[in-house]
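Residue numbers (our numbering), protein chains in the order written: chain A, 1 to 398; chain B, 1 to 398; chain C, 1 to 376; chain D, 1 to 376.
Honestly, the hints are just simulated from the structure, not real lab data.
Please note: incorrect hints may appear among the correct ones.
Claimed, not checked - Partial pick of chain B residues on the chain D-facing surface, computed with a CB cut under 8 Å:
id	residue
1	200
2	203
3	383
These numbers come from a predicted model, not from an experiment.
Don't be surprised by glycine CBs; every beta carbon is placed ideally from N, CA and C.
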Amino acid sequence: MDLNYSPEEQAFQLEVREFLQQHYPKDIQDKVANGIALKKDDYVRWQKILAKQGWVAPGWPEQYGGPGWTPVQKYIFDEECGAANCLRTVAFGLVMLAPVLMKFGTDEQLEKYLADIYNSDVWWCQGYSEPNAGSDLASLQTKAERQGDHYIVNGSKTWTTHGHYADKMFTLVRTSQEDRKQKGISFLLIDMDAPGVSTSPIVTIDGMHVVNQVFLEDVKVPVENLVGVEGDGWTIAKSLLMHERTYIAQVPRSKKQIERLKKIASEERYNGKPLIEDASFKAKISAIEIELMALEMTNLRVLSKISAGEAPGAESSLLKIKGTEVQQAITALLMESVGYFAFPYNKTTMTEGWQEDPIGHPQAAMLAPHYFDWRKSSIYGGSNEIQKNIMAKAVLGL
Amino acid sequence: MDLNYSPEEQAFQLEVREFLQQHYPKDIQDKVANGIALKKDDYVRWQKILAKQGWVAPGWPEQYGGPGWTPVQKYIFDEECGAANCLRTVAFGLVMLAPVLMKFGTDEQLEKYLADIYNSDVWWCQGYSEPNAGSDLASLQTKAERQGDHYIVNGSKTWTTHGHYADKMFTLVRTSQEDRKQKGISFLLIDMDAPGVSTSPIVTIDGMHVVNQVFLEDVKVPVENLVGVEGDGWTIAKSLLMHERTYIAQVPRSKKQIERLKKIASEERYNGKPLIEDASFKAKISAIEIELMALEMTNLRVLSKISAGEAPGAESSLLKIKGTEVQQAITALLMESVGYFAFPYNKTTMTEGWQEDPIGHPQAAMLAPHYFDWRKSSIYGGSNEIQKNIMAKAVLGL
Amino acid sequence: MNLEFTEEMVMLQDSLNKFVQNEYDFETRQKISREGIGYKEANWQSFADMGLLGVPFDEQYGGFGFGQTGLIVVMEAMGKGLMLEPYLASVVLGGQLVQLAGSETQKEQLLPQLIGGELKLAFAYVERQARYNLSDVECRAESKGEGFVLNGSKSVVFNAETADKIIVAARTSGDTISQQGLSLFIVDPTAEGVTARHYETYDGLRASELNFDQVNLDADALLGTLDQAYPVIESVIDSAAAAICAEGVGVVSQLRQKTVEYLQTRKQFNQPIGNFQVLQHRAVDMFMAEEQMRSLSYLAAIKVTEGESHERIKSVSAAKVYLGDARAIVGEQAAQLHGGIGVTDELDVAHYVKRLGLLNTLFGDRDYHLQRFSQQ
Amino acid sequence: MNLEFTEEMVMLQDSLNKFVQNEYDFETRQKISREGIGYKEANWQSFADMGLLGVPFDEQYGGFGFGQTGLIVVMEAMGKGLMLEPYLASVVLGGQLVQLAGSETQKEQLLPQLIGGELKLAFAYVERQARYNLSDVECRAESKGEGFVLNGSKSVVFNAETADKIIVAARTSGDTISQQGLSLFIVDPTAEGVTARHYETYDGLRASELNFDQVNLDADALLGTLDQAYPVIESVIDSAAAAICAEGVGVVSQLRQKTVEYLQTRKQFNQPIGNFQVLQHRAVDMFMAEEQMRSLSYLAAIKVTEGESHERIKSVSAAKVYLGDARAIVGEQAAQLHGGIGVTDELDVAHYVKRLGLLNTLFGDRDYHLQRFSQQ
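Please build the complete structure, drawing on both the sequences and the hints.
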């Protein structure tokens with residue numbers, strides 16, 4: 001057993017590190033480090049830099065422009081990005097849709113969409129959840145009725161992250177009412193500027209607008225926008241869930257957040273001493289660090305299996321649960337670290353260009369909103385309860 | 001809101017306290033305080049003293065020999081007994097069977113059994129659980145077939161506490177195979193010395209023998225030993241669960257155990273100082289103390305409702321869950337308090353007359369066996385999971 | 001022994017519940033929280049009319065004399081309605097400081113006005129470096145002639161913007177962190193040298209940062225005995241901590257109830273999600289936490305009223321520790337069980353969750369109170 | 001980077017699993033534990049024959065040179081089989097102390113014998129007052145002529161009854177609790193002045209209380225440098241702590257597996273109890289704890305081998321903390337999910353639960369290691 005990188009991997013690590021130092025925009029780095037709300041342009045700018053370098057789509061096969069990295073190289077890239085407070089690339093086009101197109105799309109679809117995804121020229125969002133189909137995604141009701149060479153789509157999607165930014169949306173729609181609800185679902189691509197599409201912002205607990213409800217009213221969608229065959233949507237959506245499982249734990253991000261927590265706790269005072277010298281507070285940080293060490297090592301064990309050619313199992317559920325538990329615990333301690341100074345709330349403190357004097361610790365203003373907002377992480381992407389159901393069945397045979 | 005006792009209640013408290021000081025045998029008190037295994041004779045001796053005083057059956061109506069206490073007086077009695085390290089009276093006859101006989105029994109049955117229960121002259125055990133009927137008690141299979149004026153009983157009962165001490169057993173048996181499994185159950189009294197009854201000890205995780213399996217092979221039981229009518233056993237058993245709900249939490253006992261824990265932790269040393277000065281250990285004790293304070297107050301709120309004439313609801317499930325959680329947490333901390341000295345195991349240290357030098361703290365020898373043994377408390381009497389099912393349905397309507 | 005509320009308490013409770021129902025539905029509450037001062041002046045006047053502002057005060061000053069038991073009835077309703085009016089700041093903290101420390105003149109002057117709704121108070125005791133330590137006070141008042149001159153800063157002073165007078169804890173002698181040498185002063189927020197920065201808190205309440213630069217105070221600005229304010233501060237903060245535990249009970253009971261209703265009505269996989277055993281048990285955990293929290297809130301109220309300081313500290317800290325547990329067991333789980341909708345601004349659940357978060361921190365978080373309990 | 005076991009490790013693992021399967025079924029294990037010395041001498045000889053006793057030692061002394069990675073493979077199997085042989089005492093503690101601190105002569109003299117199964121060691125380091133503090137040593141060795149004279153007591157010395165030599169940590173200078181001034185001595189348990197009280201531990205292992213009354217030691221009884229033993233002790237205890245974390249992984253994996261099987265087969269309410277979602281999630285929690293525990297056990301093994309002391313301490317303590325969590329999540333829940341049968345002596349589950357309890361305490365419990373981690 002060996003945790004060390006090979007000389008080639010070390011060289012790669014250095015290459016990534018130097019690239020990030022030189023090319024990752026400082027203004028975006030500051031935003032990420034300080035928890036400032038990110039705009040579409042921040043993502044596009046950074047993704048175009050990565051695209052130019054050939055690194056924007058580590059998961060893509062080389063034939064489509066992927067860098068041809070080994071699993072370990074992908075891990076190193078992810079780790080270095082985390083350590084440099086990098087913006088995570090937006091997954092909808094690059095990580096979620098593109099592999100679906102590669103596996104299920106026609107040549108025309110690949111031709112039409114892939115380059116724009118790679119270059120961040122067309123922005124995608126995901127239309128899965130509906131107001132009455134959350135954990136039970138397969139019960140979705142948005143209908144697409146075939147009329148000649150179009151589908152007429154009616155229904156509504158919700159929790160659509162970046163829906164207000166997006167040019168296009170990949171959706172799951174119901175194309176027939178068979179008895180098994182999974183059967184009648186199809187995978188359809190919809191233009192966000194098509195007549196009948198409208199979005200309405202959902203303001204979340206932190207006061208911010210990132211997610212949306214999307215309304216679809218008699219939207220005409222050409223049949224060539226169907227991916228795969230009609231009725232295969234559920235299979236396609238499920239195959240998508242198998243991608244990028246080792247990055248789901250977000251270990252590098254959490255490590256960075258623990259660094260931040262320790263820094264704040266060493267700057268805040270309690271009984272005339274730095275807060276971090278309080279044994280009880282320190283022990284709480286330690287407990288999270290230990291969980292994170294375990295998670296990182298579990299992540300590496302999965303990676304090691306993948307590198308050895310084994311197909312990964314249902315570990316992604318474990319990584320998701322433990323990953324979000326750690327993330328949530330860190331946000332709670334971050335909020336706790338500033339005590340009373342988590343109270344002041346001013347939405348503009350979380351947006352670019354805010355210049356006033358901070359109240360309390362300079363980072364205090366974002367900590368409560370982040371703590372509350374981060375509650376979502378155990379809900380989205382298949383709630384942690386659903387993940388446990390999956391593991392009980394798939395791993396334990398219960 | 002007032003937590004103080006009335007002058008009459010204070011007088012009663014004093015009376016109980018003085019009585020216990022004068023009449024509770026010192027040798028039994030020492031056993032309880034030191035966790036020494038108790039024998040049948042200890043129970044009988046103490047129960048006879050209480051019977052003579054008229055206090056052995058606080059829950060009985062006065063007409064049958066109960067003391068006629070108010071709910072608060074019962075609580076005070078329980079509290080004083082806990083504080084004096086009293087042996088808890090054995091529930092099977094006094095608390096479980098007797099009220100059933102009073103409610104469902106014939107005059108002949110009352111005549112025949114009640115006085116012997118009161119005077120601890122006949123010892124009862126409970127025959128409910130079976131190897132294949134634990135949480136799902138109603139699926140019990142022990143059969144009683146009517147033949148003339150007898151039932152012929154075949155089957156087996158398990159987890160029978162004091163089965164090896166008992167003269168008689170009250171059981172649930174199946175007298176018919178109706179479709180609803182609750183329906184064919186009857187409540188039957190069986191002599192332990194009847195031909196065909198045998199017991200086999202079950203040694204528990206602590207190495208001790210308290211519970212038994214009881215085998216019933218063609219046991220002839222006179223029909224007059226049926227309580228209530230045939231098929232009413234389930235109703236009778238359920239009514240029994242409604243008794244004595246405020247004592248289920250065992251608050252006085254847990255308070256005494258926390259005292260004991262604090263004493264040990266002040267005698268053990270760590271880094272040259274008493275262990276109890278270790279902030280982290282102290283905080284763990286405090287967390288349990290707080291849970292116990294809450295539980296005591298919840299218990300008193302229920303009591304206050306009963307005193308005000310309200311019928312208690314499903315609180316017994318809450319009291320049972322929180323009560324056992326506290327008890328288990330205390331046993332864990334007790335074991336933890338003596339560190340390595342919880343390791344030595346010698347069954348005879350837990351029995352009367354052991355005179356050797358202790359290894360480590362004088363109380364250390366029993367702490368690990370008790371910790372492990374106490375795991376049972378969240379299993380028996382309706383597991384804590386079952387209690388939560390009950391509350392979800394009865395209290396929350398889920 | 002009797003743990004039922006008296007008839008007059010039940011009446012008070014009923015009228016408060018009615019008030020919340022009629023005047024404080026969630027829509028209205030949200031509208032109020034977004035307006036200028038963050039609460040509704042007309043409501044404050046209703047409070048005065050209902051006698052709420054006099055609940056804990058002696059009858060000789062126009063109060064009801066209901067003490068801490070009265071406070072928990074009011075505060076539980078404040079929690080249920082997520083109310084925004086400055087009851088905690090003005091009545092529980094400000095008014096009780098006056099009642100406990102004030103001279104007869106000060107009491108006669110201030111309490112009837114406060115009870116009548118004409119005077120509002122706030123209490124400035126938090127400092128930047130202090131975290132939850134009540135005696136870590138750097139703000140200083142020095143003798144000057146017959147009076148004092150005040151210098152320093154105070155943080156997170158609730159409802160200072162609308163307070164007519166602010167009671168300030170300042171050091172008149174002793175080292176920082178020493179319990180000796182603290183005094184209380186009644187300060188006019190419009191006095192020269194007082195500057196303020198007002199803001200909204202994350203749960204919609206209002207607070208301020210205050211700065212005192214050579215603020216001149218008359219001799220009668222002193223509230224209570226010079227240098228001896230610590231026990232008064234500690235005692236009133238304990239009363240307020242017990243009060244917000246009752247507020248927490250109100251919040252928790254709403255969250256539990258709303259979550260159970262959601263479990264009963266939200267359908268997934270062709271059935272109410274309340275059919276799923278894991279969610280059932282989670283709801284039971286919420287219920288148990290609510291009951292235990294209520295018990296400790298009552299105990300704290302009783303001990304604040306009649307206990308010795310040792311007992312008072314233990315029971316108040318116990319309730320505060322449990323409030324911290326409730327943040328996780330009830331608050332976080334209420335959001336989780338509601339799914340996405342539980343973390344949106346439009347649903348009341350998110351706002352109860354936020355209030356619970358704030359109450360956990362206010363007057364010291366779970367850790368602080370666990371340690372304080374341990375040290376008794 | 002590669003976290004797979006090498007081929008030789010997999011072979012070792014396979015042969016151990018076979019040994020457990022063939023020679024160490026639960027019935028046999030229970031029989032062994034009740035016999036005189038609490039383990040089977042024939043098994044020890046099998047260990048020697050399989051080369052197990054040489055796993056961590058340099059090849060020049062007849063060992064395999066597998067280091068800590070080899071140890072975790074052996075110890076995981078010890079856990080799976082709930083084995084009783086004194087591998088921890090003799091090989092992991094005793095042998096490694098000799099390898100790390102011994103002179104060339106001592107190593108050449110002792111290690112080959114140990115590896116061959118002819119010599120067994122034990123390590124006496126716990127004292128009555130010390131709890132988990134390795135430097136809280138009152139047992140003293142004073143110079144006398146060329147040698148030393150040993151006085152004092154040691155507690156809970158595993159397998160001292162069957163050890164041919166006992167390595168004793170004693171104070172040769174410095175104050176109690178000082179890390180300076182500790183030395184190691186090889187003591188003959190039959191020497192004059194050595195008395196012992198042997199006993200069974202609650203999970204069936206054997207240990208002893210030892211007393212030394214004016215025990216004369218030759219100069220060559222000293223193992224390592226006079227007064228400088230602390231870093232050696234700490235390092236070997238860390239190796240042993242990492243090893244018992246691997247043992248814990250073995251125990252935990254058995255408990256998880258047996259519980260899942262029970263959930264699949266035990267029927268109540270006309271269905272396998274594994275249909276109940278609450279129990280399913282409980283089993284998933286056990287599984288996750290097992291995986292995380294395994295990860296930290298590997299990490300600790302790697303850092304014990306190659307890390308600096310700071311990293312070694314962090315990773316070993318992390319694994320030990322997790323072992324404490326596993327006691328609750330896996331051990332207590334395994335008993336709970338088995339119901340009554342889970343707390344009977346006749347089922348293996350209870351014995352795994354007890355072993356897990358013992359492992360949590362051994363070399364310092366969860367609290368101790370959380371604090372130790374914090375202080376790094």
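- Item | Structure versus earlier hints, numbers of those that do not hold, lowest first | Violated: hint 1 alone.
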